[in-house]
Amino acid sequence: MELQDLYRDVILDHNRSPRNFGPLEGSSTDVQGSNPLCGDRLTLHLRLAGDRIEDVRFEGHGCAISTASASLMTEAIKGRTRAEALALFDRMHALLTDDAAVPDEGLGKLAALSGVREFPARVKCASLCWHTLASALQSSAPESVGAVSTE
Amino acid sequence: MSGAARTPVRPAEPAPFDVEAMRREFPVLTRLVHGHPLAYLDNGASSQAPRRVLEAVDDYARSHHANVHRGVHTLSEEATARYEGARDRVARWLNAASRTEIVFTRGTTEAVNLVAQSYARPRLRAGDEVLITHLEHHANIVPWQMVCAQTGAKLVVAPIDARGEVDPDAVEALMGPRTRVFACAHVSNALGTVLPVERLVASARARGIATLVDGAQAVPHCDVDVRALGCDFYALSGHKMYAPTGIGVLYGRESMLEDMPPWQGGGDMILTVSFERTTYNALPYKFEAGTPNIVGAVGLGAAIDFLGSIDRRGAHAHEAALLEHAHAALVRIPGLRLIGTARRKLGLVSFLVDGVHPHDLGTVLDQDGIAIRTGHHCAMPVMDYYGIPATARASFAFYNTFDEIDRLALSVERARRMFGGDVV
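Going down the list, the protein sequences come from chains A and B.
Taken in order, the first sequence gives residues 1 to 151; the numbers are from my numbering.
Taken in order, the second sequence gives residues 1 to 424; the numbers are from my numbering.
Hints listed in this document are in silico derivations from the structure and should not be mistaken for laboratory results.
Just so it is clear, CB atoms sit at the ideal spot from N, CA and C, and this is done for glycine as well.
There's no promise every hint is true.
As the list claims (entries may be wrong) - Once the Cα atoms are required to be at most 25 Å apart in a straight line, the calculated SDA-like pairs of lysine to any residue come out as:
1. A:Lys78 - B:Cys378
2. A:Lys124 - B:Phe419
3. A:Lys124 - A:Leu3
4. A:Lys109 - A:Leu96
5. A:Lys124 - B:Ala371
6. A:Lys124 - B:Gly369
7. A:Lys124 - B:Met383
8. A:Lys124 - B:Met380
9. A:Lys124 - B:Gly420
10. A:Lys124 - B:Ala170
11. A:Lys109 - B:Gly355
12. A:Lys124 - B:Asp354
13. A:Lys124 - B:Lys154
14. B:Lys154 - B:Ala170
15. A:Lys124 - B:Pro381
16. A:Lys109 - A:Arg82
17. A:Lys124 - B:Cys378
As the list claims (entries may be wrong) - Just some of the chain B residues that point at chain A, by a computed CB distance under 8 Å:
18. His327
19. His359
20. Gln367
In isolation and in its complexed conformation, chain A is listed as follows:
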């Protein structure tokens, strides 16, 4: 396994210049996620309009994998419905943990994270934002959800 398989250009780019980074005015859901073992912390801001994710932004600090993963995720889920976003969560989960999973074209740029599963210590970095998203979306009353942790 080569380092370039983990740190692909798209990941380095999203780490250097994260998309949708910062506070979100008029957000309807704000959820914190943390990875206590490494100190990664992120806050996900969602503006839900009915069943649709109208806008999403994130804040926090973490390693390149966790920052790029969150940045890519915000691009991928903006405008999607809750069910679509959760389906994407399932596919990402498989991509990050299942050696047999093959990235399909529907994942788009998210497929760049497929190298992470060869680095078991780093899987949590890539999945933190997705767990945070799932926690926000699965809650029946999204405004009341608490913090999530990868531990």
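Given chain A's structure and the hints, the job is docking chain B onto it.
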């Protein structure tokens, strides 16, 4: 000085420390990681074991294992002799007054918990104080927080400064009439700072305050004499000083241990048991309930024999030179910031690189065969003090080389470029 002519006596030049010969004692150092020779710079987390320890553990397991203190059969006697022989070695090595002052534990963490629960808990009253410092490992924070919650005592924290030093005046100013326990690290695991423990322990004792020193990061790098230090308790872990994991030591002054109730109940810590009344065993067995980590103790005893057999002055001087070399090599890297610049440091260097998160750095270095620790080092208050989530930490043993540190610096520079640092 008199004016009489004197011929200065030159001490005989000691033979230089032979690091290559030392490396041959540690089998793991010959392995490759991702196609590169292993550069093991994570000794602060856990050190590697020399052949002598591996062979002692193997010999014990193959030929002498049985339960200790129980059987009259040959193997039980042999196992007991080896286990108790390890205690004798620890006692001599720390210069304890007696072997009964050496309690085997799982490690430093368990040793601190034992003192918190058995010494502090029965004595602390609401409003009493336990004094620690800001640079402690979680193992020397949380047990005290727990006993404070149980008793209504207050945890008081002495400050550190930007270099990562502890000002003894500031600590002494916090030793008040309600301070019952003072606990501090001998060497900081996150910053490498050597604390002025001799003075702090003396100050505490003069005020009637019990003292515990967390020696986990000190014992691999310097000789410790608990009687000269004067502390009531000294805690250490075997696996940071070339022994296996799961074995550690609580040194306790005999008069203190005598006055403490057992911490855990079970076999071996009793003399007689009936349902009405149990009488406890003598020191140190009172604190060793259940079958102990016999093979771990055998390994620790072998590690002490090993340390006793090497040129320790040379080894310690080599470690000091490694640290100096690491500082010099790392500060040349643009955007690199040392975390912890105390004037007295031992064994490790913590740092951050602009634009490169420590975890990414750790992964890049690993691909080059270099093992370092990244994270908060179980010292989150230290990270909070510096306003950072984590650091990268390279920690040394006497088997490390200058070449390994040069590789570290090269690899850090590679990571910096990879993540978009300015090319200088």
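We went through each hint and held it up to the structure:
Between lysine 78 of chain A and cysteine 378 of chain B, the direct Cα distance comes to roughly 37 Å. Violation of the 25 Å bound is thereby established for this hinted pair. The hinted pair formed by lysine 124 of chain A and phenylalanine 419 of chain B meets the criterion: a straight-line CA distance of about 20 Å does not exceed 25 Å. Restraint check for lysine 124 of chain A and leucine 3 of chain A: the C-alpha separation of about 18 Å stays at or below 25 Å, so the hint holds. Simply put, lysine 109 of chain A and leucine 96 of chain A have alpha-carbon atoms about 14 Å apart, close enough for the 25 Å limit, and the pair holds.
The hinted pair formed by lysine 124 of chain A and alanine 371 of chain B meets the criterion: a straight-line CA distance of about 20 Å does not exceed 25 Å. A C-alpha spacing of about 22 Å is found between lysine 124 of chain A and glycine 369 of chain B, which places the hinted pair at or below 25 Å, so the restraint holds. Distance check on the hinted pair: lysine 124 of chain A and methionine 383 of chain B sit about 21 Å apart at the alpha-carbon level, within 25 Å; holds. Simply put, lysine 124 of chain A and methionine 380 of chain B have alpha-carbon atoms about 20 Å apart, close enough for the 25 Å limit, and the pair holds.
With a C-alpha separation of about 24 Å, the suggested pairing of lysine 124 of chain A with glycine 420 of chain B holds against the 25 Å cut-off. A C-alpha spacing of about 41 Å is found between lysine 124 of chain A and alanine 170 of chain B, which places the hinted pair above 25 Å, so the restraint is violated. Of the pairs offered as hints, the one joining lysine 109 of chain A and glycine 355 of chain B holds, with about 23 Å between alpha carbons and a cut-off of 25 Å not exceeded. Restraint check for lysine 124 of chain A and aspartate 354 of chain B: satisfied, since their Cα atoms lie roughly 23 Å apart, inside the 25 Å limit.
In summary, the hint linking lysine 124 of chain A to lysine 154 of chain B is not supported, as the alpha carbons are separated by about 36 Å, beyond the 25 Å threshold. The suggested pairing of lysine 154 of chain B with alanine 170 of chain B holds, with an alpha-carbon distance near 18 Å, which does not exceed 25 Å. Only pairs whose Cα atoms come within 25 Å are accepted, and lysine 124 of chain A paired with proline 381 of chain B is accepted, the gap being roughly 23 Å. Of the supplied pair hints, the one linking lysine 109 of chain A and arginine 82 of chain A holds, its CA atoms being roughly 20 Å apart against a limit of 25 Å.
For the hint linking lysine 124 of chain A to cysteine 378 of chain B, the alpha-carbon distance of about 19 Å falls within 25 Å, and the restraint holds. Hint status for histidine 327 of chain B relative to chain A: violated, with the closest Cβ pair at about 25 Å, above 8 Å. At its closest, the beta carbon of histidine 359 of chain B sits 4 Å from a beta carbon of chain A; the interface hint therefore holds under the 8 Å criterion. The closest approach between the C-beta of glutamine 367 of chain B and any C-beta of chain A is roughly 5 Å, which is under the 8 Å cut-off, so the hint is satisfied.
Consistency with the previously given hints fails for numbers 1, 10, 13, 18, ordered from lowest to highest.
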